[in-house]
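Please put together the full structure from these sequences, using the hints given.
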Amino acid sequence: MNCIIIDDEKTARIIIKKLSSQVENLTVVDEFSNAIQAIKYLNENEVDLVFLDFHMPDFNGLDFLKTINKPLKIILTTSDPNFAIEAFEYDSIIDYLLKPIELPRFIKAVQKVENHLSIAHGNTDDIKIKNDFYVNIDRRLIKIDLHSIYIIEAKGDYINIRTEEKNYIVHSTLKKIEEKLPDSLFLKVHRSYIINVKKIIDIEDNSVLIKKDIVPVSRSKKSDLMKHLDLL
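The sequence shown begins at 1 in my numbering and counts up by one.
Rather than coming from a laboratory, the hints here were simulated on the basis of the structure.
Please read these numbers as outputs of a predicted model, since none were measured by experiment.
Among the clues, some could well be false.
Across the chosen pairs, the derived CB separations fall in these ranges [as the list claims (entries may be wrong)]:
1. Asn2 / Ile201: 32 to 38 Å
2. Ser148 / Asn25: 31 to 37 Å
3. Ser184 / Ser33: 40 to 46 Å
4. Gln22 / Ser218: 44 to 50 Å
5. Lys222 / Thr67: 39 to 45 Å
6. Glu9 / Asp202: 56 to 62 Å
7. Gln37 / Tyr134: 29 to 35 Å
8. Asp63 / Ser218: 38 to 44 Å
Cβ atoms here follow ideal geometry from the backbone N, Cα and C, with glycine treated the same way.
In structure tokens, the structure reads:
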């Protein structure tokens, strides 16, 4: 993977380059002390990954995210997790790293990007299914165990993630959440519902029973459900 670094601090750029050198198949092709220079570069060049510092003078990471008009895979670097939470509203943010950055956490973030790129290119054989993901609730990143989720329901501008432990109300769309979920475990069965197929108790003509909840299955999604469960 080719990557660039955007950070106004030279020391921070040196650290990321050093960490990158310890990750196989990760190459730093350029570095920038300000985001405007980086945007000019990205308008003319393709990269697999961007390490983006959030807190920069004049034109910060959020300004970069609002301005860039091409799809990117970005790992945010910051000293303040509150900035990371704000940036997670953008689909291009794959992960964030808190400074000072440690190698194991750095490697994990890079692996997430590799997984996203593999899915985009249709190469999913070597991807390990993740066990959890993060949602933004009241400016906090909350980790949710994927296997504990049984129903995700759209409610206007919000979604209700129902788990074994509790419900989470998140300001998001079903489409955005669906993109974060492994296809092997979750399926959208209705315009308002995503279900964990492992939690299905019973299937009727146009609905499934999960726990004590009856979830509607739209006519167009019925065949997808049957294929997913290998019932055709």
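Results for each hint:
One distance hint, 32 to 38 Å for the beta-carbon pair asparagine 2 and isoleucine 201, is violated here, with the actual separation near 47 Å. The beta-carbon spacing between serine 148 and asparagine 25, approximately 34 Å, falls within the hinted interval of 31 to 37 Å. Between serine 184 and serine 33 the beta carbons are some 43 Å apart, a value that agrees with the proposed interval 40 to 46 Å. Checked against the hint of 44 to 50 Å, the pair glutamine 22 and serine 218 passes, with Cβ atoms roughly 48 Å apart.
The supplied range of 39 to 45 Å is met by lysine 222 and threonine 67, whose beta-carbon atoms lie about 43 Å from each other. For the pair glutamate 9 and aspartate 202, the supplied restraint of 56 to 62 Å holds, since their beta-carbon distance comes to about 57 Å. Checked against the given bound of 29 to 35 Å, the beta carbons of glutamine 37 and tyrosine 134, roughly 30 Å apart, stay inside it. Checked against the hint of 38 to 44 Å, the C-beta distance between aspartate 63 and serine 218 comes to roughly 41 Å, which is consistent with it.
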